[in-house]
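Chemist: The lines below spell out each chain.
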Amino acid sequence: MSFILIVGAGRVGSTVARTMLANGHDVSVLDEDPLSHERLDSGMDTTWEDAGGRFTLGHGLEIDALREAGIEEADVFIAATDGDNTNLTISQIAGKHYQVPRVICRVMDPARAEWYAEQGLHTICPTSYAIEMFERALEEV
Amino acid sequence: MYVVIAGAGKVGWNLARELMAKRHEVTVIESDRSRYLTVEQELEHAIQYGDATELWVLERAGINRADLTIAVTGDDEDNLLICQLAKEKYLCERIIARVNNPRNRQYFELLGIQPAVSATDLILRLIEHEVPSYGTVHLLDLRDEQLEIIEVEVPEGSPVIGQRVSEITLPEGSLIISILRDGRGFVPKADTVVQDGDEVLLVLDPGLEEAITEHRVELEEQKAKNLAELRFGLENWDGP
Chain Z
1 MSFILIVGAG RVGSTVARTM LANGHDVSVL DEDPLSHERL DSGMDTTWED AGGRFTLGHG
61 LEIDALREAG IEEADVFIAA TDGDNTNLTI SQIAGKHYQV PRVICRVMDP ARAEWYAEQG
121 LHTICPTSYA IEMFERALEE V
Chain B
1 MYVVIAGAGK VGWNLARELM AKRHEVTVIE SDRSRYLTVE QELEHAIQYG DATELWVLER
61 AGINRADLTI AVTGDDEDNL LICQLAKEKY LCERIIARVN NPRNRQYFEL LGIQPAVSAT
121 DLILRLIEHE VPSYGTVHLL DLRDEQLEII EVEVPEGSPV IGQRVSEITL PEGSLIISIL
181 RDGRGFVPKA DTVVQDGDEV LLVLDPGLEE AITEHRVELE EQKAKNLAEL RFGLENWDGP
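As given, the protein sequences belong to chains Z and B, one line each in that order. Numbering follows our numbering, in which position 14 of the first sequence is assigned residue number 14; successive positions increment by one, without gaps. Numbering follows our numbering, in which position 12 of the second sequence is assigned residue number 12; successive positions increment by one, without gaps.
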């Protein structure tokens, strides 16, 4: 069982959070939008907290918010906000400053996802997947 | 020198003006379309429209041959990443980043983005001198140049009051560069007389700050020894 901190609970972040919680992990979510808490609750029988999840309201660059969300104990850090620049910054901070063992960062821009991956950051680029899917779908055209 | 500036806000625009007036080549990158169109009326080809955190935008602006990259957008993450890319991907020798929120300064340091300049920090430090316990206020580190700039408030009853700048003895490696009086700053001449309530800006070799603070106490016993050095420095100082 790992302690997973997810920053950014949009469609991707909240779904990953629920899945990880269902898989028996400790999951803490940090988001600056109170609405994202409702997104976590939706589709669940109980509230997010009753199911064992943690939620902190705050921005991913705020030290206090990160600490409250448990960055110092986290085994896995996932940066899934809607901003590439925020994700890239907080991922590097999580890895370098808080020494979180596993850091995964969502980057929409393929060019930077590739360069930061070369620098050793674990990046996931949904845009690259979409391009690949389109190209595969078009192979038979 | 070729300078790439990210962000055409007040800071970026004015920096571009000043640098161009000094005959440097400048390209400003601005991501807000209407701001870009406004500034473009003056800067013309020296401003480009685009998001400076994107590699192709930086490359289009000629980041590969930039001698200096300055990131002064209103967003700390952007400034941090632009400087990181400039330094580590495009091997730009010199970078300057603006820190909007002083609490983020540590992140710039952590990721090796130096110097990081925070206007809020500078102003806060100016406010600090209202608190009597602060004898000196640390204003700026110029790490590459191995220099520091500090502010010293001339305390009541200080022996330097009434002395000319040229008569004040300072440790080697320090130099008075400016005096703040009645809310105005000016560059002193050798015969400028220090007054009660003045604040004095000094540029120092690093590590001298303590010496200066102790020095304020000892000033009475000391005589002008570094006169020539001080004069030389003042005559060659070409303004703040």
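Derived by calculation from the structure, the hints in this document are not laboratory data. One thing to keep in mind: the hints can contain errors.
[Said to hold, decoys possible] Computed list of lysine to aspartate or glutamate pairs in EDC-like fashion (alpha-carbon distance at most 20 Å, straight line):
1. B/K87 to Z/E139
2. Z/K96 to B/E172
3. B/K89 to Z/E139
4. B/K87 to Z/E114
5. Z/K96 to B/E109
[As the list claims (entries may be wrong)] Per the computed footprint, the stretches of chain Z lying under chain B, defined by three or more beta-carbons under 8 Å from a beta-carbon of chain B, are:
6. 29 to 35
7. 40 to 51
8. 89 to 101
[Said to hold, decoys possible] Pair ranges (Cβ atoms, derived):
9. B/Y49 to Z/E118: 27 to 35 Å
10. B/R65 to Z/T15: 55 to 63 Å
11. Z/M1 to B/G50: 40 to 48 Å
12. B/K189 to Z/E114: 37 to 45 Å
13. B/I161 to Z/L57: 32 to 40 Å
Being a predicted model, the structure only gives us computed values, none of them experimental. We treat Cβ as the ideally placed atom computed from N, Cα and C, and that holds for glycine.
Chemist: Hint by hint, work out which the structure violates, then give me just those numbers in ascending order.
Modeler: As far as the earlier hints go, 1, 2, 3, 6, 7, 10, 12 and 13 are violated by this structure, in ascending order.
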